Structure formats: C-alpha cells, structure tokens
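**Q** Residue strings, one per chain:
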Amino acid sequence: MSVAKPLPHDAAPLHVAGTARYVDDIPTPRDTLHLAFGLSTIAKGRITAMDLDAVRQAPGVVLVMTADDLPFANDVSPSIHDEPLLSDGTVNYVGQPIFAVVATSHLAARKAVRRARIDYAEEPAILTIEQALAANSRFEDGPRIYEKGDAEAAIAGAAHVIEGTFELGGQEHFYLEGQAALALPGEGGDMLVHSSTQHPTEIQHKVAEALGVPMHAVRVETRRMGGGFGGKESQGNALAVACAVAARATGRACKMRYDRDDDMVITGKRHAFRIAYRAGFDTEGRILGVSFLHHAICGWAQDLSLPVADRAMLHADNAYLLPNARIESHRLKTNTQSATAYRGFGGPQGMVGIERVMDHAAHVLGIDPVELRQRNYYAAPAGGSAPHTPRSISSEMKENTTPYGQVVEDFELHGMTEALLASSDYATRKAAVAAWNAANPIVKRGIAFSPVKFGISFTLTHLNQAGALVHVYQDGSVHLNHGGTEMGQGLFQKVAQVAASRFGIPLEMVKITATDTAKVPNTSATAASSGSDLNGMAVKAACDTIRDRMAASLAERHQAEVASVRFGNGQVEVGEARYSFAEAAALAYQGRISLSATGFYKTPKIEWDRIQGRGRPFYYFAYGASVTEVAVDTLTGEYRILRADILHDAGASLNPDLDIGQVEGGYVQGAGWLTTEELVWDDHGRLRTHAPSTYKIPACSDRPEVFNVALWDGQNREDTIYRSKAVGEPPFMLGISAWLALSDAVASCGDAYPALNAPATAEEVWKGIRRLGDGI
Amino acid sequence: MSKIHVSTTVNGDAVEYLCDPRETLLDCLRDKLSLTGAKEGCGTGDCGACSVTLDGRLVCSCLVLGVEAEGKEIGTVEGIAEGDVLHPLQQKFIDYAALQCGICTPGILVAAKALLEQNPDPTEEEVRFWLAGNLCRCTGYDKIIRAVMDTAKDMREAV
Ligand code: FES
Ligand code: FES
Chain X
1 MSVAKPLPHD AAPLHVAGTA RYVDDIPTPR DTLHLAFGLS TIAKGRITAM DLDAVRQAPG
61 VVLVMTADDL PFANDVSPSI HDEPLLSDGT VNYVGQPIFA VVATSHLAAR KAVRRARIDY
121 AEEPAILTIE QALAANSRFE DGPRIYEKGD AEAAIAGAAH VIEGTFELGG QEHFYLEGQA
181 ALALPGEGGD MLVHSSTQHP TEIQHKVAEA LGVPMHAVRV ETRRMGGGFG GKESQGNALA
241 VACAVAARAT GRACKMRYDR DDDMVITGKR HAFRIAYRAG FDTEGRILGV SFLHHAICGW
301 AQDLSLPVAD RAMLHADNAY LLPNARIESH RLKTNTQSAT AYRGFGGPQG MVGIERVMDH
361 AAHVLGIDPV ELRQRNYYAA PAGGSAPHTP RSISSEMKEN TTPYGQVVED FELHGMTEAL
421 LASSDYATRK AAVAAWNAAN PIVKRGIAFS PVKFGISFTL THLNQAGALV HVYQDGSVHL
481 NHGGTEMGQG LFQKVAQVAA SRFGIPLEMV KITATDTAKV PNTSATAASS GSDLNGMAVK
541 AACDTIRDRM AASLAERHQA EVASVRFGNG QVEVGEARYS FAEAAALAYQ GRISLSATGF
601 YKTPKIEWDR IQGRGRPFYY FAYGASVTEV AVDTLTGEYR ILRADILHDA GASLNPDLDI
661 GQVEGGYVQG AGWLTTEELV WDDHGRLRTH APSTYKIPAC SDRPEVFNVA LWDGQNREDT
721 IYRSKAVGEP PFMLGISAWL ALSDAVASCG DAYPALNAPA TAEEVWKGIR RLGDGI
Chain C
1 MSKIHVSTTV NGDAVEYLCD PRETLLDCLR DKLSLTGAKE GCGTGDCGAC SVTLDGRLVC
61 SCLVLGVEAE GKEIGTVEGI AEGDVLHPLQ QKFIDYAALQ CGICTPGILV AAKALLEQNP
121 DPTEEEVRFW LAGNLCRCTG YDKIIRAVMD TAKDMREAV
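Protein chains in written order, with the UniProt record's numbering: chain X, 1 to 776; chain C, 1 to 159.
Isolated chain X (complex conformation):
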C-alpha cells in the first residue's frame, strides 16, 4: 500500500531541477500585459483629486483603471462585500489600491504608478486598540462572549489569583512566492485564470462577479503555490480580478505579481491581539476559573476576522479542563491592512493566552510548570487511544467539556507528555539549566514545555465538504483531481497515495493534476488543515466507485462473487484468474464500463452555533508537545534556541516524511512569530517593516543545534482517511515553548514574573531583564 509510506514531495524532482512552474513561470503569449497597483499614502480620508495623466503617458502604459472603469462589481471581499478592488473614493489604510496600471512590462507598470498625483482630505486614523475602543470602531455590534460556569465567582473564591495583560503581535506570511495571477481571455467572453491561491473557487466567484458573467465562464487553475500559510486564502482575489478585468478590456493576456514590498504593504497578516487574563487557582495548582479579554486588531475590512477571532476563543482552553471560564472577544476595525487567515487561524492567539496563564501561575505558586499543566489536563479517554465505538465514552467523560460544550473524547497528551519528558531528558536538563544560571551571571538559559490541542474542522460547518474526479484510462493509468491545492504541504502526494492504495497500483500510475474549477466545482479553501482529511476521503469515494464497477464486471465474467475480486500489487485477482491492472482496465473499457467517477465527502458529527458558543465545532483534536531550551545574553537581550524536542500526533500518518516536514516547519514558523518577527507601524499608519531587510523570519543560521522531531504512534479515534490526522496548522503552536523558554531565562534575572510581550524580540527580552533587575 502506498499510504503510510515516507515518500518525497510529488514534484521534488522538478523542484531540484528548477523546472517546477509557479504562476510567474508559466510561458505567456507574446503580447502579455503586466499590472501594478497605485497605492494610497494615507491611512484614512477621502480622495479629493486624482491626476493620472502622467501615468497614462508613461512609457509602455496601455491602460489605467480606476473604480469608475470597472464594468461590474468593485469588490474582492471573501465575506461581506466591504473590500473594493480599487478605492471608491475613501481611503482606509496606507497601501490600499487606488488605481491599476496595465503596461507592456512589470517594470514599466511599476514605474508608471509613481507618476500619479493624488490629493486627499485626511481624517484621523484609528491605529490602536484604545482609538478603536474610543470610537467604538468594530465588526459585529459588540463583543462575543462564550461562558462555562461562573468564572468570576470561582476566581473570587480561589486561594491564588493571578492577572495580567500582554500584547501579542501579528505576523507576515512571507510566502516566498509573492501573490500572482495570470488571466487569459478566451472566446465568447470566457476567462482562464492561473492564480497562486488556496481557494480557486473563491477566485472564480470574484472574477465572475467582476466580469458580470456566470461562474461557468471562468475557469481557475492552480498547480502549486510557493507557500500559502493562509495568506493566499483571500488575498489573491485582488490580483486575479484586476487581471481578468484588464484582460477583458484589452483582449490580451494580463499578469500581475506583487513586488515584495507591495505585497507586504497591501496584504493582510495574522491578527495582533491584546489579551488580558484573570485566573483563580487552588493551592495544588488546579485552575478553578479563568476570564479572558481578547482585543483583536482586524484592520479595515472584515475579511475572515470573525471566524479567526472565534477560533481564538475556541482555543482559550488549549489542553486544560477549565471548570469555569469566560472569554470575551472584541473585533476591532482599524486603519491598517485587513488582517486575514494565517496558519492556526486565531487558534495560536487563544492558546498563547492560556499558556501564559499556566506559566504565570507556575511562577507564582512555585510549582514546576509541566507539573502544573499536567494537573489541569483534560481527562484521558477510557481504553487508551484505540478507535472507539460511540458507546465507549464513559459518563464521566461528559464532564470533560470545553468552554463551548464539546466533550473531549480523544485526549492524547498524558501519554505524549510523559514520553516527551523522557525523550527530551527534561528533568535533568531543567536542573542543569538552574545550575548554569546559578554559575553564570551574563548568559542565562531557559527551558520550557508546551502542549497543543488543536480543533480540526472549519467552524463554518458547510465548508467541511470536498469533491474529487478520477479517471482510469484503458492502459490502467489514473488521472487524479480534487479540490485541494498544493502549497508545499504535500497534499497532492498524500492524496495520490490514497488513490494508489485504493486501486492497489504503484504511485507512478497516478497522475496528479492541477486544481481546476472546471473539474471539481464549489470547493472550499485548502485551509483549516483540512486538505487531506476532506480531499483524501473524496478521492477514496471516487476510486472505490470505479473499483467496484471493475470488480462487478470481472466477477460477472468469471462467474465469481464480487467480494472475491482483489486489487493489489498492480494486479486484479478474481478466482484463479489474474490480470494486470492495465488489462483489467482494458477489459472494463471493452465491457463498456464507465471508468470515470466523482467522489464527495462531508465531515460527520459536527454542528456549531457561533453566537451561543455551543456545539461540536470540531470533528476531532490533533495534539502535540514540545520542549525548547534557549540561551539569552543578558547584556544585549540577544538569544539563541539551543535545542527543541517535539512529539506530534498525526494519527496514523499518511506519509511520515511529509508530516515531519510540516511539524519542523510549523514549529520554526511559530517560534518566529513569538520571537523575531515584529511588525511595526508608525504613527501615520505606515508599515515600516515591509521587506525581509527589516522583517526577520527565522533564517538557516537560527536552526536549533539539536532538533529532535518524532511522530506519536497513534491513530485517529474518528474514522478519518486511514485514521490519519490533519497536520498543517497544529505544529505551528509548538513554537509557544520557545517564547516560554525565553521567559524562563529572563525569570532567572530576578524574582518577579517576566511578563514578556510577544514577539519577544531581543529588545523585548532586554527590557524584561531590566524590569526584573530594577525591581519594577
């Protein structure tokens, strides 16, 4: 069987040869035109005059478009139609597209843009949480509140009460391939769009609206992205729509790619949060009640902010059974980029909140932070991690509920934590760190553990569906298509492994093809880590349909039972007869059996009321745990991650090599978010960190010297594709242990709790050390 094998990425041979094509590499017709946006330079106000004559006269310019030139919808919002492609006269952030230039080259378009003269009537911008609250500038009419029990009463009666507030910065996706789209006009008003997107159906939908045509007139194809991370769920809409409108207007192919600076200035990022907490603990370190106040900075348009902020609330418990909890979430509208999906989709922010509480409480109570966490874990299911029947959930498990009322039935972290503590030699190293710190005044060390429990499913329940299209040709080769997109996570390979396993054929016989809205319609974004869960199941259904037809026809031919037909090792056996899969396919074809099928899947069991905050939003949970050790230079605040140990739960992994890759990359990206990656806006709302020169993602030199990553040997208790678990987002939050390790190192400089903000840049760490040293 192909599943569970460690196989490289399907396109690895192309990648190492440099021949894998991304949107910008696709050969284009000779007269292809190139687009660039003219961007606003103020954060809020109205355009009073716009002189684009010099732009029009610039060398190579063919067309200049403003909102008035758009024939139909001027909207690229994925949610509530509040995001014009080109400014409608109002300006809402620095970097908002105001006009588009269509020119003979990328460079000509970018140069022409600078010749614009735009006058504005500036208005006071809302850039901070305080300003937003003062102006009551928000999405939804008020805060969302999810509650379980009576948090305030529980805290009031607790032996220990801890409280605090911290800032949690946003994050730039920094997909190494910037946003890109290419539109090719066809006959009769049809449009073919190549887009670097996680959501081809959304691109199709927005392009159709902009061109005033039905969705059937627009075809969107996505072979691969050079990284997505959520940043290509909705942020590619503007480029695809602009290219399609320009292609319609000029009759020529139109291409657009954002230069890196433009990309960072225009597109949305991870939501920055401020989190305030109050929690009550008993003397044993058991949490009695907790109250969180989330302030999410959502930027100027709604985009996906509501489900993102919801998911932050849904992860405010992380791995801990909270007897009483209250989570209040404000979604603030500000004059900055419209914050968007980013790996974890709010989950990481929520999780950092409770991990901060646990860390703070351990410090105050003087209990080992791992010990304290373990005392607060959800209960383990009865009967270990074997797949359960619905009845095996004992009645006390009913009490094992999240603040939103979902019973945690599959909690894996007790065993995982013990295993990781042992493999990482945590206790010994913790003591060694203490000894080091006692002996060394300048360089301090810190070590920390953090667990992850991440809910799998889209919280918008109807998105949990997927389709597939499979053809078997008469030579036995297989054409595979599904709605998921490939952004490096290895989805295509995993799903191809499923197809090969269903037919019992070698993987080489399966052709992986680009995501195409003309093959599988009405797809969901490849997001929420759902790619292989949903598309794997849809492909399985399609393959099984064809396999069953082949089996029935062979059984009839041999007067055998259908159930006796076996597929495996590239062969099909029926009774004594044995055919190669190719022969079986040819026979089926000659027997006039359809060798093409669609497949469909929808996730069972889930239902969710996001207003009440009640239900079962998640089909299951994925788990992970990490231990990070750091060294901090107390004179400068600089630090290094010395060692990271990770144990992650991918269920019965479909492909351990690809899954471990996701875990390693997720950890490093998560650690980057909480350490070096700092977004800075100035008082005018200008993003000052808009290039890799000023925005620091982890580099090769930052790699921990010791980096041990292993997969937990378990399987999904729910009936997912081969009992695997989703693995895209959950490992991102393993990076929280890096932030906590820095806090641990800083804590050795004084008695108080360090109370670091995130990201804990060298500067923030240095400030933390000074705060402790000076006793303030």
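Mixed in with the good hints there might be a few duds.
[Unchecked claim] Listed next, the in silico SDA-like pairs over lysine to any residue satisfying Cα-Cα at most 20 Å (straight line):
id	chain 1	residue 1	chain 2	residue 2
1	X	Lys696	C	Gly43
2	X	Lys696	C	Asp95
3	C	Lys3	X	Arg21
4	C	Lys32	X	Pro29
5	X	Lys111	X	Ile26
6	C	Lys3	X	Ser105
7	X	Lys696	C	Gly133
8	X	Lys111	C	Thr44
9	X	Lys5	X	Pro506
10	C	Lys3	X	Val443
11	X	Lys148	X	Glu328
12	C	Lys32	X	Asp25
13	X	Lys767	X	Val443
14	C	Lys32	X	Ser105
15	X	Lys511	X	Lys602
16	X	Lys111	C	Cys19
17	X	Lys696	C	Gly45
18	C	Lys32	X	Thr28
19	C	Lys32	X	Thr32
20	X	Lys111	C	Gly43
21	X	Lys5	C	Ala132
22	X	Lys111	C	Ala132
23	C	Lys3	X	Thr104
24	X	Lys602	X	Asn522
25	X	Lys430	X	Gly750
26	C	Lys32	X	Arg21
27	X	Lys511	C	Ile94
28	X	Lys602	X	Arg723
29	C	Lys32	X	Gly750
30	C	Lys32	X	Val443
31	X	Lys430	X	Asp368
32	X	Lys148	X	Ala276
33	X	Lys696	C	Ala132
34	X	Lys696	C	Thr44
[Stated by the list, open to error] Over the 12 Å line for every Cβ pair with chain C, so calculated as not near, a few chain X residues:
id	residue
35	Ser105
36	Pro124
37	Met225
38	Tyr377
39	His414
40	Ala514
Simulated from the structure, these hints should not be mistaken for laboratory data.
Model, not experiment: these values are computed from the prediction.
The C-beta atom is built at its ideal place from N, Cα and C for all residues, glycine as well.
Using the hints provided, position chain C with the ligands relative to the given structure of chain X.
**A** Showing chain C with the ligands alone in chain X's frame:
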C-alpha cells in the same frame, strides 16, 4: 532607452540577449532566456531565491544588472544536473524531503553547490551561516542542513 547587446555564457552555452541597461540579470534570465529556475523572492538581495553564480562567485541575480553578465560565465540551477543525471545535492534534497513548496530550492541548491566547491568539508555551523542568506519559509531548515552535510560527506568519500 536604447537596448544593449549582451553576449555571455549560461551553464556552458553561449547566449546573447538585448536588454535595457536597468534590467536585472534575474529578469534577463527569466524573461529573455526562459530560465525560470531563479526566482524573485524580494528583489533586494535579502532572500537568496535568485541565487546564481557569476564566474563561479555566488551572487543574488536581483542585484546584478543584465549588462554586467557580458563576457562572464553564469551558472543557474538548470545547469546543476549533467543531462539526466542529478547532482548529488539534488538527489539528497529529494531523499531528505528537504523541500516543501520548493520555491527556495533552486537558490539553496546553487548556494550549497558553491559552498561545497570551495569548502568540501564544512561544519554544521559553516553550512548554517553560509545558507543564512537563503530564506525558506516552509521547512525550518533542518532537513536542508542535513542534506547538505550528507552530500558533502558522500562527495568526499567519492574522491
Ligand atoms: S530576489 Fe534576489 S535576494 Fe531575494
Ligand atoms: S520550501 Fe517553501 S520556501 Fe523553502
């Protein structure tokens, strides 16, 4: 502006192109020679996705002008394999699953090859710092470093 005629060598083949004096070598390779292996990740010399060699020296082709290639020897990712035979680095990157989205891979291979040519026995730290100019957002670098170290070992043993 009038275009300038450039004669140069790419991966051993003599080539010529006409370019605007302001065009980068990266754009010339991609748009005029259809060698799209080198990618633009930033355009400012900070990400390494556009790495090529110029007379054997590792450079960011986004910071080199197309006209500067006159009379020089350029090496790109497309020239790393010998026909159908992969370079050991390429094979190891596949074996180690040292890539995800793959868009950083061409630049990293060019940079790693340049390292091994001048230092066949690098330490882990030398590899880490040599590749510090090649950003990868997907992998976390661990498999990349292990692939490079292991290739170096194999190549040393092969001679
Ligand atoms: S594109 Fe040349 S270094 Fe980034
Ligand atoms: S594999 Fe995606 S950037 Fe390196």
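**Q** A separate judgement is required for each hint: does it hold in the structure or not?
**A** Cross-check of the supplied hints:
1. The suggested pairing of X/Lys696 with C/Gly43 holds, with an alpha-carbon distance near 16 Å, which does not exceed 20 Å.
2. A distance of roughly 29 Å separates the Cα atoms of X/Lys696 and C/Asp95; the hinted pair therefore is violated under the 20 Å criterion.
3. Between C/Lys3 and X/Arg21 the alpha-carbon distance is near 29 Å, which puts this suggested pair outside the 20 Å criterion.
4. For a cut-off of 20 Å, the pair hint linking C/Lys32 to X/Pro29 stands: about 14 Å separates their Cα positions.
5. A hinted pair counts as satisfied when its Cα atoms are at most 20 Å apart, and X/Lys111 with X/Ile26 does not qualify at roughly 24 Å.
6. Straight-line distance between C-alpha atoms of C/Lys3 and X/Ser105 comes to about 15 Å, which keeps the hinted pair within the 20 Å bound.
7. About 12 Å separates the Cα atoms of X/Lys696 and C/Gly133, which keeps this hinted pair within 20 Å; it holds.
8. Distance check on the hinted pair: X/Lys111 and C/Thr44 sit about 16 Å apart at the alpha-carbon level, within 20 Å; holds.
9. For the hint pairing X/Lys5 with X/Pro506, the CA-to-CA distance comes to about 12 Å; that is within 20 Å, so the pair holds.
10. Proximity of C/Lys3 to X/Val443 is assessed by CA-CA distance (about 57 Å); at most 20 Å being required, the pair is judged violated.
11. A threshold of 20 Å between alpha carbons decides the hint, and for X/Lys148 with X/Glu328 the separation of about 12 Å falls inside it, so the pair holds.
12. About 12 Å separates the Cα atoms of C/Lys32 and X/Asp25, which keeps this hinted pair within 20 Å; it holds.
13. Annotation: proposed proximity of X/Lys767 to X/Val443 holds, straight-line Cα distance about 15 Å (limit 20 Å).
14. For a cut-off of 20 Å, the pair hint linking C/Lys32 to X/Ser105 stands: about 12 Å separates their Cα positions.
15. Taking the CA atoms of X/Lys511 and X/Lys602, the gap is near 25 Å; set against the 20 Å cutoff, the hint is violated.
16. For the given pair, X/Lys111 sits about 17 Å from C/Cys19 by alpha-carbon distance, which is consistent with the 20 Å threshold.
17. Annotation: proposed proximity of X/Lys696 to C/Gly45 holds, straight-line Cα distance about 14 Å (limit 20 Å).
18. Proposed proximity of C/Lys32 and X/Thr28 is supported: the alpha carbons are some 12 Å apart, at most 20 Å.
19. Of the pairs offered as hints, the one joining C/Lys32 and X/Thr32 holds, with about 14 Å between alpha carbons and a cut-off of 20 Å not exceeded.
20. A C-alpha spacing of about 15 Å is found between X/Lys111 and C/Gly43, which places the hinted pair at or below 20 Å, so the restraint holds.
21. At roughly 32 Å between alpha-carbon atoms, X/Lys5 and C/Ala132 are farther apart than 20 Å, so this suggested pair is violated.
22. Distance restraint check for X/Lys111 and C/Ala132: the Cα-Cα separation of roughly 31 Å exceeds the 20 Å cut-off, and the hinted pair is therefore not satisfied.
23. Between C/Lys3 and X/Thr104, the direct Cα distance comes to roughly 16 Å. Compliance with the 20 Å bound is thereby established for this hinted pair.
24. Taken as a hint, the X/Lys602 and X/Asn522 pair is honoured in the structure, with Cα atoms around 13 Å apart against an allowance of 20 Å.
25. Our distance criterion of 20 Å between C-alpha atoms is met by X/Lys430 and X/Gly750, whose separation comes to about 18 Å.
26. Our distance criterion of 20 Å between C-alpha atoms is met by C/Lys32 and X/Arg21, whose separation comes to about 17 Å.
27. Distance hint between X/Lys511 and C/Ile94 is fulfilled; the C-alpha atoms sit about 19 Å from each other, no more than 20 Å.
28. The straight-line distance between the Cα atoms of X/Lys602 and X/Arg723 is roughly 16 Å, inside the 20 Å bound, and the hint therefore holds.
29. Between C/Lys32 and X/Gly750 the CA atoms are separated by roughly 62 Å; this puts the pair beyond 20 Å, and the hint is violated.
30. Using a Cα cut-off of 20 Å, the hinted pair C/Lys32 and X/Val443 is violated, with the two alpha carbons roughly 53 Å apart.
31. Between X/Lys430 and X/Asp368 the CA atoms are separated by roughly 10 Å; this keeps the pair inside 20 Å, and the hint holds.
32. About 18 Å separates the Cα atoms of X/Lys148 and X/Ala276, which keeps this hinted pair within 20 Å; it holds.
33. Note on X/Lys696 and C/Ala132: the hinted pairing holds, with a Cα-Cα distance of about 12 Å set against a maximum of 20 Å.
34. At roughly 14 Å between alpha-carbon atoms, X/Lys696 and C/Thr44 fall within 20 Å of each other, so this suggested pair holds.
35. Distance check for X/Ser105 against chain C: the nearest CB is about 8 Å away, which does not clear 12 Å, and the non-interface claim fails.
36. Separation of X/Pro124 from chain C is adequate, the least Cβ-Cβ distance of about 33 Å exceeding the 12 Å criterion.
37. The Cβ of X/Met225 does not lie farther than 12 Å from every Cβ of chain C; its closest approach is about 6 Å, which violates its non-interface assignment.
38. At roughly 27 Å from the closest C-beta of chain C, the C-beta of X/Tyr377 stays outside 12 Å, upholding its exclusion from the interface.
39. The claim that X/His414 lies off the interface holds: its Cβ sits roughly 27 Å from the closest Cβ of chain C, which is beyond the 12 Å cut-off.
40. The non-interface label for X/Ala514 is consistent with chain C: the shortest C-beta to C-beta separation is roughly 15 Å, beyond 12 Å.
Against the hints set out earlier in the document, violations occur for numbers 2, 3, 5, 10, 15, 21, 22, 29, 30, 35, 37.
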